[in-house]
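Chemist: All chains, please: the whole structure from these sequences, using the hints.
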Amino acid sequence: MTALLNIHNLHLEIQQGTTSLPILRGVSLSLQPGEVLGLVGESSAGKTMIGKATLGILPSQGVITDGEILFDGADITHISVKARRRLLGTDMAMIPQDPMTSLNPVFRIGSQIADVLRLHLGLKSKEADQRVLELLDNVHINRPERVVKLYPHELSGGMRQRILIAIAFACRPRLIIADEPTTALDVTIQRQVLRLIKELQVASGTAILFVTHDLGVVAKICNRVGVIHAGRILELSSARDLFEAPTHPYTQALMAATPRYDRPNSALNPVPEALVSALWDDVRSYDRGERSVDTGNA
Amino acid sequence: MTDSILVRHSPLGFVLAASPRTIVGLSVFLLIVFTAIASPWLAPHDPLEQDLLNSFLPPFWVSGADPAFLLGTDNLGRDVLSRLIYGTRVALTVALVAATLTGILGTTVGLLAGFYGGWVDTLVSRMVDIWMAFPAVLLSIVLVAVIGAGLHAVIIAIIVIDWTRFCRVVRAETMVQCQQDYVASAVTIGLSRRRRLFKEILPNILPLLISLLTLEMGIAVVVEAILSYVGLSVASDAATWGGLIQEGRLYINQAPWLMVFPITCIVVAVLGFNALGDGLRSTLDPVLRR
Ligand SMILES: Nc1ncnc2c1ncn2[C@@H]1O[C@H](COP(=O)(O)OP(=O)(O)OP(=O)(O)O)[C@@H](O)[C@H]1O
Ligand SMILES: [Mg+2]
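Sequences listed follow chains A and B, in order. Residue numbering for the first sequence is 6 to 303, as defined by the working numbering. Residue numbering for the second sequence is 73 to 362, as defined by the working numbering.
For the record, the hints were derived by calculation from the structure and aren't laboratory data.
Some chain B residues close to chain A (C-beta under 8 Å, calculated; not the full set):
no., residue
1, Q252
2, D253
3, Y254
4, S257
5, V259
6, T260
7, I261
8, G262
9, S264
10, E272
11, P275
12, N276
Taking lysine-lysine pairs in the DSSO-like style, the calculated list, with each CA pair at most 27 Å apart, reads:
no., chain 1, residue 1, chain 2, residue 2
13, A, K131, A, K154
14, A, K87, B, K271
15, A, K57, A, K203
16, A, K225, A, K203
17, A, K87, A, K57
18, A, K57, B, K271
19, A, K129, B, K271
20, A, K87, A, K129
21, A, K225, A, K57
22, A, K154, A, K129
23, B, K271, A, K131
24, A, K154, B, K271
For glycine and all other residues, C-beta sits at the position ideal for the given N, C-alpha and C.
Modeler: Written as structure tokens, this is what we have:
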């Protein structure tokens with residue numbers, strides 16, 4: 006079976022003027038159709054950048070310097086804006102991090118969802134409106150016929166995230182990038198939204214690249230997990246293996262650092278400093294190696 | 073997405089939600105519109121009709137007034153009230169046409185500059201800088217002198233000079249909107265650039281545009297008055313507020329009302345437009361920013 010998404014040796018730099026800052030250092034991963042792959046790692050490890058590179062929405066300074074991204078076997082690393090637009094919304098979609106600001110404030114909920122359906126599926130207004138109600142029902146929104154008439158500011162964060170999830174799943178994409186879709190929500194709502202994503206994912210068979218820094222979330226919905234640090238994937242294994250027998254010391258340290266409900270009084274275990282500096286030494290020597298390879302080629 | 077938040081207010085709901093300021097501004101605006109349309113019925117006399125036997129009649133509250141000429145007559149015995157009433161036509165035409173066209177030009181350029189950034193933005197910003205360095209009144213007089221006097225020249229002058237007012241504000245607001253997450257989401261659902269700009273961002277700056285537009289209407293009235301005053305607007309015997317001021321200036325000692333009435337009209341109209349603009353902004357904004 007060919008992988009749905011195949012990222013191979015991806016190098017990405019932030020280039021500003023003459024300086025360039027490496028962000029991704031040879032990331033490789035693949036996603037099978039219908040699979041949920043978690044990406045965990047500390048802040049600024051480059052998780053969001055992997056998602057943005059896949060969707061082709063990198064900031065203008067973000068440049069892919071090496072490697073490739075294959076979607077369904079086709080190279081989409083550097084495709085045209087037009088070709089990209091044909092993918093977005095239909096084959097690939099995104100669940101954004103902040104539901105409070107990700108909906109257009111001046112349009113009713115119903116018309117924002119219907120717009121996507123009309124644009125990508127070519128539905129007529131009537132059919133689209135009907136389909137909107139079904140989609141809202143799928144994301145467990147009560148009285149959808151009332152909600153379609155509301156504006157975003159009239160809904161709670163949890164409701165808005167459900168709307169955005171409905172939009173992401175609206176055109177049955179094969180891949181969804183979910184970039185910390187629950188961090189902006191409070192804990193009880195987080196759990197409901199996670200369950201909802203999992204439920205829709207199972208029902209539709211959509212593959213999800215799930216970015217988070219919450220190992221608990223990973224355990225709940227991911228098939229496989231990649232642990233990422235400073236733009237390198239340190240360990241990529243099935244969720245079960247990762248939790249039962251983490252091989253990389255950084256993963257082990259992350260596990261140990263996660264507070265446990267079942268042991269409320271145990272001390273917090275931050276990732277040991279020695280380990281962090283060893284990792285960074287590694288990164289630096291990797292960067293030096295890259296550079297020397299460059300000069301070797303020149 | 074025609075289903076914008078602006079449409080949501082029914083006329084009645086809008087009035088109920090409006091501030092006193094909006095209501096005052098709106099009343100002045102509607103009064104001007106009504107007067108302009110109904111001039112022939114409202115005006116007791118033909119504004120051009122001369123009656124030299126009845127020149128310099130004072131307004132009704134001064135002794136010696138003729139009740140047939142409520143606000144008195146000018147040096148040629150023309151009825152001041154009728155001339156003021158017909159003057160609203162010119163004022164309103166200039167206000168509406170010039171403000172709308174200025175708004176369209178400035179908004180388009182500002183949207184493009186704010187959305188595309190880069191060299192487009194640099195080019196537009198430098199042009200705005202250069203524009204702002206010219207003294208506006210002087211530039212308008214020169215322009216009209218070059219194009220030739222007339223209402224169309226006044227309107228062109230206003231557009232050429234004032235597009236920067238819209239451009240600057242719209243550019244800045246477009247940049248702010250572009251940073252919003254909803255625009256990023258619009259990218260990920262596959263909307264084209266043009267669609268994002270006109271169907272997602274533009275509706276969000278519409279309330280701002282409406283208030284800018286009403287402010288610009290006030291400015292247009294003043295500019296028209298200035299150009300009439302220096303004799304560069306419509307034909308000099310036609311009734312315009314600026315023209316009335318200019319004619320009255322010669323008889324300021326003898327008949328001060330000839331200047332007082334048109335100045336009052338201009339002040340009320342401009343204050344009305346400004347009140348409407350300010351009021352609309354505060355009425356529309358809380359809904360958006362909540
Ligand atoms: N627009 C940008 N311009 C410059 N640098 C950027 C930009 N966006 C991200 N970066 C840098 O890229 C690196 C990776 O960022 P990224 O957002 O991918 O991290 P992350 O793993 O998603 O972190 P978080 O958990 O905080 O979301 C960071 O060092 C960040 O400073
Ligand atoms: Mg991130």
